[in-house]
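Trainee: Here are the chains, one letter per residue:
There are 2 protein chains.
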Amino acid sequence: MAIQAVLQRDIVDESRFESVQSATREAWLQVTGKVAKKRPPSVAEGEPIPPPEFEVNVVSGAILAMAAAPLPVGVTDEVNVGLDVRLDNRHLDVRRAHVNAMFQLRSKVLQYGREHLISEGFQEINSPKIIAAAAEGGTNLFPMKYFETDAYLSQSPQLYKQLAVLGGLERVFEIGPAFRAEKHDTYRHLNEFVSFDIEGAWMDDDDVMGVQERMIHHIWSCVSSNDQALIDVVNEYRASQGKEPVTVEVPSMPFPRIPYCDAIEIVKQGGGDIEWGDDIESHHCDIIAAKHPGFHFIPRWPIARKPFPIPPNEK
Amino acid sequence: MAIQAVLQRDIVDESRFESVQSATREAWLQVTGKVAKKRPPSVAEGEPIPPPEFEVNVVSGAILAMAAAPLPVGVTDEVNVGLDVRLDNRHLDVRRAHVNAMFQLRSKVLQYGREHLISEGFQEINSPKIIAAAAEGGTNLFPMKYFETDAYLSQSPQLYKQLAVLGGLERVFEIGPAFRAEKHDTYRHLNEFVSFDIEGAWMDDDDVMGVQERMIHHIWSCVSSNDQALIDVVNEYRASQGKEPVTVEVPSMPFPRIPYCDAIEIVKQGGGDIEWGDDIESHHCDIIAAKHPGFHFIPRWPIARKPFPIPPNEK
Numbered sequence: 003m004a005i006q007a008v009l010q011r012d013i014v015d016e017s018r019f020e021s022v023q024s025a026t027r028e029a030w031l032q033v034t035g036k037v038a039k040k041r042p043p044s045v046a047e048g049e050p051i052p053p054p055e056f057e058v059n060v061v062s063g064a065i066l067a068m069a070a071a072p073l074p075v076g077v078t079d080e081v082n083v084g085l086d087v088r089l090d091n092r093h094l095d096v097r098r099a100h101v102n103a104m105f106q107l108r109s110k111v112l113q114y115g116r117e118h119l120i121s122e123g124f125q126e127i128n129s130p131k132i133i134a135a136a137a138e139g140g141t142n143l144f145p146m147k148y149f150e151t152d153a154y155l156s157q158s159p160q161l162y163k164q165l166a167v168l169g170g171l172e173r174v175f176e177i178g179p180a181f182r183a184e185k186h187d188t189y190r191h192l193n194e195f196v197s198f199d200i201e202g203a204w205m206d207d208d209d210v211m212g213v214q215e216r217m218i219h220h221i222w223s224c225v226s227s228n229d230q231a232l233i234d235v236v237n238e239y240r241a242s243q244g245k246e247p248v249t250v251e252v253p254s255m256p257f258p259r260i261p262y263c264d265a266i267e268i269v270k271q272g273g274g275d276i277e278w279g280d281d282i283e284s285h286h287c288d289i290i291a292a293k294h295p296g297f298h299f300i301p302r303w304p305i306a307r308k309p310f311p312i313p314p315n316e317k
Numbered sequence: 003m004a005i006q007a008v009l010q011r012d013i014v015d016e017s018r019f020e021s022v023q024s025a026t027r028e029a030w031l032q033v034t035g036k037v038a039k040k041r042p043p044s045v046a047e048g049e050p051i052p053p054p055e056f057e058v059n060v061v062s063g064a065i066l067a068m069a070a071a072p073l074p075v076g077v078t079d080e081v082n083v084g085l086d087v088r089l090d091n092r093h094l095d096v097r098r099a100h101v102n103a104m105f106q107l108r109s110k111v112l113q114y115g116r117e118h119l120i121s122e123g124f125q126e127i128n129s130p131k132i133i134a135a136a137a138e139g140g141t142n143l144f145p146m147k148y149f150e151t152d153a154y155l156s157q158s159p160q161l162y163k164q165l166a167v168l169g170g171l172e173r174v175f176e177i178g179p180a181f182r183a184e185k186h187d188t189y190r191h192l193n194e195f196v197s198f199d200i201e202g203a204w205m206d207d208d209d210v211m212g213v214q215e216r217m218i219h220h221i222w223s224c225v226s227s228n229d230q231a232l233i234d235v236v237n238e239y240r241a242s243q244g245k246e247p248v249t250v251e252v253p254s255m256p257f258p259r260i261p262y263c264d265a266i267e268i269v270k271q272g273g274g275d276i277e278w279g280d281d282i283e284s285h286h287c288d289i290i291a292a293k294h295p296g297f298h299f300i301p302r303w304p305i306a307r308k309p310f311p312i313p314p315n316e317k
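Read top to bottom, the protein sequences are chains A and B. Sequential numbering from 3 applies to the first sequence in our numbering. Sequential numbering from 3 applies to the second sequence in our numbering.
Quick caveat, the hints were computed from the structure, so don't treat them as lab data. Don't take every hint at face value.
For chains that are exact copies, the list does not tell them apart, and a pair is met inside one copy or across any two.
Below 25 Å or equal to it, Euclidean Cα-Cα: the simulated SDA-like pairs (lysine to any residue) are [as the list claims (entries may be wrong)]:
hint, residue 1, residue 2
1, Lys-110, Val-210
2, Lys-245, Ala-231
3, Lys-110, Val-167
4, Lys-40, Val-101
5, Lys-110, Asp-12
6, Lys-110, Gly-170
7, Lys-293, Ile-177
8, Lys-147, Asp-12
9, Lys-39, Glu-283
10, Lys-293, Ala-4
11, Lys-39, Thr-249
12, Lys-245, Asp-206
13, Lys-147, Tyr-189
14, Lys-110, Gly-273
15, Lys-245, Ile-5
16, Lys-147, Asp-86
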């Protein structure tokens, strides 16, 4: 939240006024003053009077820290800089309102997701990230040295989640980092990412999809109800760039189920090069998403494509 | 929660009865039946009648999965096994009621701690765990290879938290793994651990201690109010081992502040070998804890012992 502070030349002494006036953009100021209602704007007769706004009438102030001028990355001004400059000055980049809003939204998504899982009886665990052997297939592991021993970074909490579930915790989740030494550069291949990992006992695939869609529905509903102000900040920036606004559309449940066999047909009909039994790659998903643009599941994969912990589906 | 299921020979057919009766300990059974009130126990005249208990009167049942017999680790029986056997059979070890209760309590502690930080306006972040340079001093880093580049596992989210705070998030936290290649074997030296990391702007040491003591107070209060049943399970086990019960004593606030200078005096008076300017080691802490057995802070350290992000305290 921002509030305007007004420093009047006739209220503070001259040298203090000059000093504060020399503040650069993004300098840190400390001010003391009185909160006052702003003079209301004049409105045409019959128009509603807008809610009152407030400001601080400053009686004393000082500069705590001066900022460099010019800044390497503009914070309130629109400056076009490359990603490398932004990352080299990430502390300033994150101060840009729309970037900051995205980090705040990210924090909310973690909170709502976790809240929902706890409400469905899932308990939080933390699994080791330094592991002695592979959890899922063994490819794409980052090797490391654990003192004199060869070790790896964990790709997934999979085996630890299952251990906890078999251990009688019944429903567990972990939200934490996972590491995959993927050389591909797509949005489905990341070297380090934060995953929502969920595991439950006595669930079939419909139960599992139910947990996921209810969690996503809860997150979207909460963002839609509570966090529109943050979305608005992002959209102000997007408008300044001539981009369409993002909207939070709470998905309706249940999400469509597109069984693997149907998904293969959709990809084929959309001109994709795929055969039954193949993996569905991200460019295939784009073809499916053209027909099913919202959240959807692709269940009922050939058992030959599944890692060992998945039992055959008898339906 | 456990409930008793009763299978009567005259209700199910003979072969089904024999089959279910052959179930080993920890086998998984599926039963169908009616929930019924148990016959109340006979009480002496004038004694209060205990609340009703329930059981399931089984009409059909089947074994879903048989367990090995004997089990490598007893689950309901008291079996003394070494730590190596417990860890090799951790899925069974966690099924022991008191071990399971500790994992449940751990999940609650994470939940209450996070809830409290969110209530004080802290936002959750996730910092990278694969890093290019050291955050705190550079010793005790686990080296790894990030493809062809030398990299390390993160010791602490310190610099990333500060970046987020400077970036205008103002109050942030992360609950996640940290990695330290410590060869010592004490409870203050761990190679991989989950840390509650908290950072805020415009706070002095009193503000920081306030955040910590309020969070710990909230966690202890919630466990005390909500989770006594889990503590009781742990204490049942401890009683069976002839050990004192653990109690959840909600600490009163503020926690004692023992400034560094006073702490050094306490250690000296307690016979510890220490001089002003030295680090306070864990065996020194034991001497301090004998005088201040509850939670306490040791603020006001010599600035020479502090890493670079800490400003001098002018008080």
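Trainee: Evaluate each hint against the coordinates.
Mentor: Here is what the structure says about each hint:
no. : hint              : result
1   : Lys-110 - Val-210 : both (23 Å within a copy, 23 Å between copies)
2   : Lys-245 - Ala-231 : within (18 Å within a copy, 55 Å between copies)
3   : Lys-110 - Val-167 : between (27 Å within a copy, 17 Å between copies)
4   : Lys-40 - Val-101  : neither (29 Å within a copy, 61 Å between copies)
5   : Lys-110 - Asp-12  : neither (45 Å within a copy, 57 Å between copies)
6   : Lys-110 - Gly-170 : between (30 Å within a copy, 16 Å between copies)
7   : Lys-293 - Ile-177 : neither (31 Å within a copy, 40 Å between copies)
8   : Lys-147 - Asp-12  : neither (67 Å within a copy, 63 Å between copies)
9   : Lys-39 - Glu-283  : neither (58 Å within a copy, 56 Å between copies)
10  : Lys-293 - Ala-4   : neither (43 Å within a copy, 48 Å between copies)
11  : Lys-39 - Thr-249  : neither (33 Å within a copy, 53 Å between copies)
12  : Lys-245 - Asp-206 : neither (42 Å within a copy, 43 Å between copies)
13  : Lys-147 - Tyr-189 : between (29 Å within a copy, 22 Å between copies)
14  : Lys-110 - Gly-273 : neither (39 Å within a copy, 51 Å between copies)
15  : Lys-245 - Ile-5   : neither (28 Å within a copy, 59 Å between copies)
16  : Lys-147 - Asp-86  : between (31 Å within a copy, 23 Å between copies)
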